[in-house]
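A.B. asks: Can you make the complete structure from the sequences, with help from the hints?
Read off the chains here:
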Amino acid sequence: METRRRLVRAGSVLAVPILWFLLTRLGIVAGLPTPTAVASSFLEEFYRQDFWLSVARSTVRVLVSFVVAAAVAIPLGLLIGRYTVFADLTFPALEMLRPIPPIAWIPFTILVLPASELSIMFITFLGAFFPILLNTIQGARGVEVEFSRAAQSLGAGSFQTFRHVIYPSALPAIHAGMIVGMGLAWVNLIAGEMVAGGTGLGFLTWSAYTSGSYPTIIVGIITIGVLGALSSALVRLFANWQIGWREVESA
Amino acid sequence: MSTVEQVKRRFGAGTVPLLTKRLRQALSVVLFFALWAVLVRLEVLGFGRFVGPVPALSTFVSALLGAPMTGSGATIYQHAAFSAMRVVVAMVLATATAIPLGLLIGANRRWEDALFPALEVFRPVPPVAWVPIALLLLPTFRSGVLFVVFVGAFFPILVNTIEGVDTVDEEYLRAAESLGADSREVFRHVIFPATLPSIVTGVSTGVGLAWITVVAAEMIAGGIGIGYIIFQAYRLLQTDVVAVGMIAIGVLGYASAALVYRIGNRLTEWQTID
Amino acid sequence: MSNQTQTTREPTMEGEPTPEKTGAIDIENLTKVYDPEGERVVAVDDMDLQIGAEEFVALLGPSGCGKSTVMNCIAGYLEPTEGEVLVDGNRVSGPDPKRGVVFQDNRLFPWKTIQENVEFGPQMNDGVEEGRARSILDEMGLDGFEDAYPSGLSGGMQQRAELARLLANDPDIMLMDEPFSALDALTKEIMQKKLIEVWERDNRTVLFITHDVEEAILLADRVVVMTARPGQVKDVIDVDLDRPRDPEVVTTDRFTELRERALSVIREEAQRALEQEEGEV
Ligand SMILES: Nc1ncnc2c1ncn2[C@@H]1O[C@H](COP(=O)(O)OP(=O)(O)OP(=O)(O)O)[C@@H](O)[C@H]1O
Ligand SMILES: [Mg+2]
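Residue numbers (my numbering), protein chains in the order written: chain A, 752 to 1002; chain B, 471 to 744; chain C, 1314 to 1594.
A couple of the hints might just be wrong.
A short list of chain B residues far from chain A (calculated; beta carbon distances all over 12 Å) [said to hold, decoys possible]:
{"hint": "1", "residue": "Val638"}
{"hint": "2", "residue": "Asp652"}
{"hint": "3", "residue": "Glu655"}
DEER-style ranges, computed between Cβ atoms [claimed, not checked]:
{"hint": "4", "chain 1": "B", "residue 1": "Pro570", "chain 2": "C", "residue 2": "Asn1516", "range": "42 to 48 Å"}
{"hint": "5", "chain 1": "B", "residue 1": "Asn578", "chain 2": "C", "residue 2": "Ala1495", "range": "31 to 37 Å"}
{"hint": "6", "chain 1": "A", "residue 1": "Thr810", "chain 2": "B", "residue 2": "Leu489", "range": "43 to 49 Å"}
{"hint": "7", "chain 1": "A", "residue 1": "Thr810", "chain 2": "B", "residue 2": "Val558", "range": "32 to 38 Å"}
{"hint": "8", "chain 1": "A", "residue 1": "Ser904", "chain 2": "C", "residue 2": "Arg1580", "range": "34 to 40 Å"}
{"hint": "9", "chain 1": "A", "residue 1": "Phe797", "chain 2": "B", "residue 2": "Ser532", "range": "49 to 55 Å"}
{"hint": "10", "chain 1": "A", "residue 1": "Leu905", "chain 2": "C", "residue 2": "Glu1510", "range": "44 to 50 Å"}
{"hint": "11", "chain 1": "B", "residue 1": "Leu489", "chain 2": "A", "residue 2": "Ala984", "range": "45 to 51 Å"}
{"hint": "12", "chain 1": "B", "residue 1": "Thr610", "chain 2": "C", "residue 2": "Asp1348", "range": "52 to 58 Å"}
{"hint": "13", "chain 1": "C", "residue 1": "Pro1557", "chain 2": "A", "residue 2": "Arg900", "range": "42 to 48 Å"}
The set of hints was computed from the structure by calculation and includes no laboratory data. Computed from a predicted structure; not experimentally measured. Positions of the beta carbon are idealized from the N, C-alpha and C atoms, including for glycine.
C.D. replies: Structural data, given as structure tokens:
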């Protein structure tokens, strides 16, 4: 029974390349690169330094932007979640900016920031920032009053209460935000690289389209997908490790 | 103890007059615009090359009055209509496919085994990455953009629907069965309503992603729409129009999020009542 | 109406002549093993128990001894690993509206109003009878709350609403898994009275799971005490107190005797359960 289920699930995954093969073989989708063409293009790319440079660039951009976003959004979210006055003074301004898709900032960042590297990273940062911020606020607000009261009664100061009560209680929500944030970091990174050009997997994929080397588009998509899945797994791993006392919900 | 009390205590009761909540919130917005103006005036970083709030707002007003954007001659309304239509059509397609599919996958193990792993193969790919292949394969440019926006909205709705079904408390199903419901009735009276809050969450995440994707696709692929305007204005160095585009997309994004929120609240009314 | 329902009910209707009383439960050699291919948790081991039609039986036992498992097998939620459960001579093969269930944390549908909840059973079966839900709700002291959602009710009211939902379906058997354990003492007393009232009037069989020895003796005709896991019947206590029993009955000598007997069995089993756990760790 269990093995049968596994087989069906494996079959489901295998159906994707098989379908792809059939679609190209029977010419159902005109212009779709064949699996073999993509495979050989993959091999080619594998030996090109440029490809690995793009991989490295995109990965570093995502990781750095994500870490910065978390480092800013978590403390900010905890403060906004716990102090109404602070929230009133900061949140409305942030709420004005939030509905603007990060990618829409790209012309602004190119103009204002000194390096194009920074402008792409800022876009990626924004992608991760708001989900983490919102979830942290929600998490901080959800902490039961009794917990912080208990801590205060046991002699904790306000910093200690934050450190030992509010932050850990908000962790599951923060992690949920981080998982969403990582996904959005990739979305905006790829968009940024496609729009701003230069380097990175987004650019590689887009320029493959403009230069007519179509199989490389799919090489790019697959690589981006794999890296995206890996980084989501990384966030989950980190969340599990950090929590320990509570299973993180896989979103 | 309320925060107000805490702050009062900290500053010595009543010595610092606290603004009312409304005023503080208004102050936040005012400070934002002031900061923007100051940064531009002092030319911090490259802010000197960007437009300040006053000219940006005045261009926004004239755009609202129907002045054509950039060289193309189309008004902001035309661009907004194009972007909004793309989002609306993509959302309709995405909800119409992702919700039934999610319910099916969530409620039926066979369908889950058959479909979910295959869909999972595509999920980690950010929707924007599909832009080149969509432009390559789909007959028209517009359908390419639409497809990408659809993909952006599809997965959050699908995943949330599945998760919603998975987390329906089994005892509700048991209760319904013990009251005489057959599997179709259980689905209709228990699984679907119990999943609605997750579906609403999925749809609101989906709308957010649809807007990101539509702006990105329009920027990359060009043509017409707010994303296009923002990037075209940047090429022409009309930074006031860049700002107007950002404001417009923010307003649209906000309005659509609010709409989804209201509809969602209406549908899950039973949750909020205390 | 569900197919399951029909298959389990038909034999009673067509086979033997309809018995005068319905709702007899016959548990025969019931064994339930969770996770049979993995950890093999034997929750219930070869248990036998007969519950007469229209009898009120309380099921007592240390935590984790398999009480809920037994109830879930009777309700038809779980398939016995071995043995079977018969209701009026028919093998239980799935849930059935003739066997109503009250869950520990109430399982009113939060997305339906109280009235919609109460009308759910009739709607699934013979159809809704105008005004019936209202009269049941009145009886349960819930008039005025028809259009409220469950989240707007207090815990006691929710439990009453769930009882109302059950009664609207007119089941032969009421299976109740620690229904009042989350209520405060006063609400609990009111609910107990209500339950007895309903039971005496409508002639239903009740299986009532509880942790509370006094509650068991106060309510039941017989108190079944289970052993620590794997669960079996350890002792059956006939409660020979006259009905109606008012709350003062707890001060009588006979009540004290019965309570002491039940408690001593439970203590023994609880101690055994504790040692078992320590052994497992
Ligand atoms: N689905 C399951 N899988 C594995 N073990 C289970 C499962 N359900 C219950 N058990 C185990 O079976 C035993 C009996 O469980 P059951 O819920 O019937 O006990 P109970 O007497 O109702 O306990 P309580 O008084 O705590 O409600 C317990 O040890 C429990 O841990
Ligand atoms: Mg139990």
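A.B. asks: Report the numbers of all earlier hints that the structure fails to satisfy, in ascending order.
C.D. replies: none
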